[in-house]
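S.K.: One letter stands for each residue in the lines below.
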Amino acid sequence: MGARAILSFLLKRIALSIVTLFLLSIMVFLGGQVLPGNVGRAILGPLADQRAVDALNHSLGLDRPLLVQYWDWISHFVQGDMGTSYIFRAPVAPFVIDALGNSMKLALVAFIMVVPLGILGGIIAALNVNRPIDRIISLGGLSATVLPEFVTGIIFILLFGVWLNWLPIAAVWPPGSGVFTQIYYLILPALPLFLVLFGYIARMARSGMIEALDADYTRTAVLKGLPWHTVIWRHVLRNALLPTITVIATQTGYLIGGLVVVETLFRYQGIGSLIFTAARGKDFPVLEAGILTIGIIYAVATLIADLLYSVLNPRIRLGTDQ
Amino acid sequence: MTDLSTPNALELHHLSVAYRVGGRNRAVLRDLSLTIRPGEAYGLVGESGCGKSTVALSVVRYLPRNGVITAGEIALVGHNVMKLDNESLRRMRAESVSMVYQDPGKALNPSIRIGRQMTEIFELRGISDQAAVDQAISMLNRVRISDPIRVMQRYPHQLSGGMQQRVGIAMALASDPTMLILDEPTTGLDATVEAEVLDLIAKLRQELSASILFISHNLAVVSRMCDRVGVLYAGMLVEEGTTAEVFNNPRHPYTVALLRCLPRGGQRKDQIRLDTIPGFLPAPGATITGCPFADRCALADSRCHNELPPLHDLGGRLSRCHYHERAQDLPRTTPGSIAAAPAAHGREPVLRIKDLNKTYAAHGHALRAVNDVSLDLMPGQTLGLVGESGSGKTTFARLLLGLVPADSGGSMQLDGQPLASKLESRSADQVKAMQIVFQNPDSALNRAHSIRHIMGRALRTLAGLKGAAQQKRLIELVRSVRLTERHLSVKPRQLSGGLKQRVAIARAFAGDPRIVVCDEPTSALDVSVQAAILNLLADLQTKEHVSYIFISHDLAVVRYLSDHIAVLYLGRIMEIGPSERVFSGPHHPYTEALLSAVPKLDETEPSRVRLDGEIPSAVNPPSGCVFHTRCPRKIGAICEEQEPPLFDSEPEHRIRCHIPFEELARLQKKQEVIPA
Amino acid sequence: MTATDIKQPDLPAPPIKHSPAMEVVAALGRSGSFITGLVIVVFWVLCALFGEYFTPHDPLADDIINALMPPSADNWFGTDQLGRDVFSRVIVGSRDILTVAPLATLLATIAGTTLGLFTGYFRGLVDDVISRILEAFMAIPVVIVALLAIVALGTSKTTVIIVIGLSFAPIIARTVRSAVLSERELDYVAAAQLRRESALHTMFVEILPNVIPPILVETTVRLGYAIFAVATLSFMGFGIQPPSPDWGLSISSNYGMIGGGFWWTVLFDAFAIASLVIGVNLVADGVQGALND
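Chains as they are written, first to last, in our numbering: chain H, 1 to 322; chain D, 323 to 998; chain R, 999 to 1291.
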């Protein structure tokens, strides 16, 4: 019964994700191929000859009806063909896949740092509610989330890269470097991302903890005479941290948004800098492919989070079978 | 200080507790002393805000973060609770004292199986693995859970409220405590379930040796469960004595007044108005110079206002009143007499309902919340709707008002005119002819608007009044619910619960309605406030000649206000008839059980009709008579196979039962149920 | 018979409590983070309005000979690669961001509140469809949505305002919607229906005043993120355009040289942005604390 409930939940959830991605693809398509008006003109500039513009538009297939263009684009996309870059004159997919791989490395380093520390920070804050340590973690974390990555990035580069000279200021490692060297190069770029995410995760963990600590069931557990650590481990933590799982997943989106800046700042070849370069050069196929890829990553991450949440939460897993 | 051989289970010595709010200490308990002897059951009663739950939390040292014990001592089984270090405190909680909580659904951990939550208690005492499981099972057996092994595998949300509370009681008793604290353990449970839980507690008391501190707002429940009782008012003990003494022969004006507020012994709106307690509880933290009750007491003189009365010892009982010997001479604050005899009513019903049904779709199942309900409502009369959760009474009210559309097929008539099931299809006159007073005024009044705005808007849309005419009527209306113009400029949040409910009532009367639906209008209020609201509703009915559909789970309240009563169970009318006939019987076995389930102050010996099992789900109602699964008078296969018709048993009195009326009369005579 | 015929028991003074709005103001006054944040924000607003009157140098004047001078008595924060006085530029550098970000937030609040009220009130199909679209929007980080839109439409302050405003609208709409959904269950909405109030009246007169607190909190929080987003876009070259002394823009044109030790060209701008967003955030924290008490 449990497995079937989860399966039907999963199928429903996947269907919803697909709808969301479909809508997103329309928006991306509109943004990349309709809003700019005349793409050929946008690429060639205001001084180019009208015939050259028309020819370019024709060769890019931009003189066909919108529906045809959309269908052509999306049907190729789902088969892995992301179109041809205007700038590189080469298929987009390999660029996106390479960049995505690099970005994953950076994101992973940031996540490995921030998830345990953020949760720990939230727990410490909640156990010391309204004491100084709580205010420092809460307000500090909250402030860190609104600091733009390029601001903290610049400060870290100056501090650790230029003045202290501890860490390399560009995330460009020598070819053939091992895992640890790569991580060494990625620590500095991961720090601004860490700061942004720390506040979110700590705040969520803190409020979840406070809610669980104030809950009636915690009172029951304490008044049973259970030792404090048993109360926390067995009764509080599980209920407190369930909502945090969802938050961590939704933060993947923001993480990737931060990548655009961080990768540019640290000259790192990831999906963020790919999008940035494409935006600079008005390379719409690359831009669209990059954005839709990010959407897919986000959809998959929230899907996993929801699934995890429902597996861990007996209320959803078992329903009420009265 | 304490007798070493058998120390008292609990002693409070001059306990004062305060909550820190906005940098100031607000006193909640003031100089509270009481003693609970070994094996004794002590009841603590009082209205909301009197500090009764704070007593419980102080004893187990689990006050909220801002709670501080400002003076006094607590001795639990001879140990000074406040001097215990963390480890001794933990051991005391594990070994000596247990608590049962008001909201069992929240008191159990939602993500841990019942079994684990039980066994961890035994593990604390060094019993592990299989032995702990066996002990847990025997404990669950003890609280009459029929299939403990299955229940151990469940999560709390998979159990009904009554089951959850049984588990809560099992958990509390698992450590074999010396002191058991029950904090409103049955509040929020349905009447028949409450009765089961109270029976269980009473029975367990005989089996176990624990002393009991029973905290409740419900005087009747305490009178049934406890040997001695203490009455709390504004954080002070105002009276204490044996249950029988305090409730039959009270010696403090507050207790006297409180007992008079309850509709008892079959009082009815056309005989007497209920007495009320004027004024308000002192605000938490207010400085009290004299007697805390003086402002509201008709016996009070200048001595009462200036000098705090001591707890007079009246030979085994206590009263904190200067004039305790005269307490029962407390004059009525509300005249008991009725302003005018009810006018002769018309013979044509104002509302005629035929075969009303409502089906909801719930998770792919059809849930029939209201099932073939037919009834008439006479002008100027009250129809009481009684039933437990899932009976469909609130859905029925919403159908009448058009807030939810009924299934097609049935019919409604207002003053002989067809009444559409959808609100949008009703005429303007029909819309304003039917209004509602909701249960919770905090939800019913828009907290963003002033009382003037709320009332003005109702007058404008329902009565079509503007400008000066609106102002004039507004003031009339406000006075008719005994508020003053001073109340117009404030927002709902700035008024007490009773005053808010008056505003809600005034709003319902803005458009001169023909029918007002009252959906549990007093169940969120304290009894002293409830009495005033019931009086007001009765007076308004006499004056405005309005009809009420009065929904309540409190049978005494329904009886006071109703001319006719319909008893609902799983969306069906099980019994309907004139109020006195329904109460005096013979009645449907379900009505019989419901009546006997309610604890009564006047009750001498509890002879109860027991109901087995849980209220079935409306998604999957039992076959045949829907009550057969719990019916103590089930006669055989016919009950399981055939749904009985609503049978005319005497004029106007109809019962849905296979047992013939005469047979019901014979069966129920033997057991002489004392009415509410 | 009339109302006065019924014997009226005396009604003593009701326990009238303080008005809710006053309590919020009082709580704000007690909040250390709110006061601190407010001081910082007001400082930058004053600099934006009147900074040009007391800057020691013209923030836009090139002086190539004195380019990249370290901080000195004359140039407190040094000079940038065109020899412009960094201190003067930092003082007036908030001007554009403090117009663009608040306007974008205002747009987001108005659009988001309206969307949230409609989706929360009507539920059903309208809600499902709009919610799906909003969620699709939120699947992509705001900075990237803005990037795409600005590349497509071309950069201008108006575009940045509209794009950021519309990107934030779904987030505010989500907050408003969930608040409206719980308000809708309250009986005063049913009471309004029983008076046959129009949907618009119920939404805007009955429900809206009760969801103002979460809107207020969300708006102040969003303002912080709007500054974040505008600064980031400017840094990437898609926001505020030269020759504005904007902080993000200055960092963008100078950070390439920090390897060479010219830290003063970027550090002061970085601190300026940091102080502004933190200030706004402290205000948001204070507002949230005061409204949740």
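Bear in mind the hints are in silico, worked out from the structure with no lab data behind them.
Careful, some of the hints might be misleading.
Claimed, not checked - Quick look at which bits of chain H chain R covers, simulated, 3 or more residues with Cβ under 8 Å: (1) 61 to 71; (2) 230 to 237; (3) 254 to 263; (4) 272 to 282.
Backbone N, C-alpha and C fix where the C-beta goes; we use that ideal spot for every residue, glycine too.
S.K.: Are 3 or more residues of the region 230 to 237 of chain H near chain R, judged by a Cβ distance of less than 8 Å?
M.R.: violated (count 0)
S.K.: According to a criterion of three or more residues whose C-beta lies within less than 8 Å of a C-beta of chain R, is the region 61 to 71 of chain H covered?
M.R.: violated (count 0)
S.K.: Counting residues of the region 254 to 263 of chain H that have a beta-carbon nearer than 8 Å to any beta-carbon of chain R, does the count reach 3?
M.R.: holds (count 6)
S.K.: With a cut-off of 8 Å between beta carbons, are at least three residues of the region 272 to 282 of chain H near chain R?
M.R.: holds (count 5)
The structure fails to meet hints 1, 2 from the earlier list, while all remaining hints are met.
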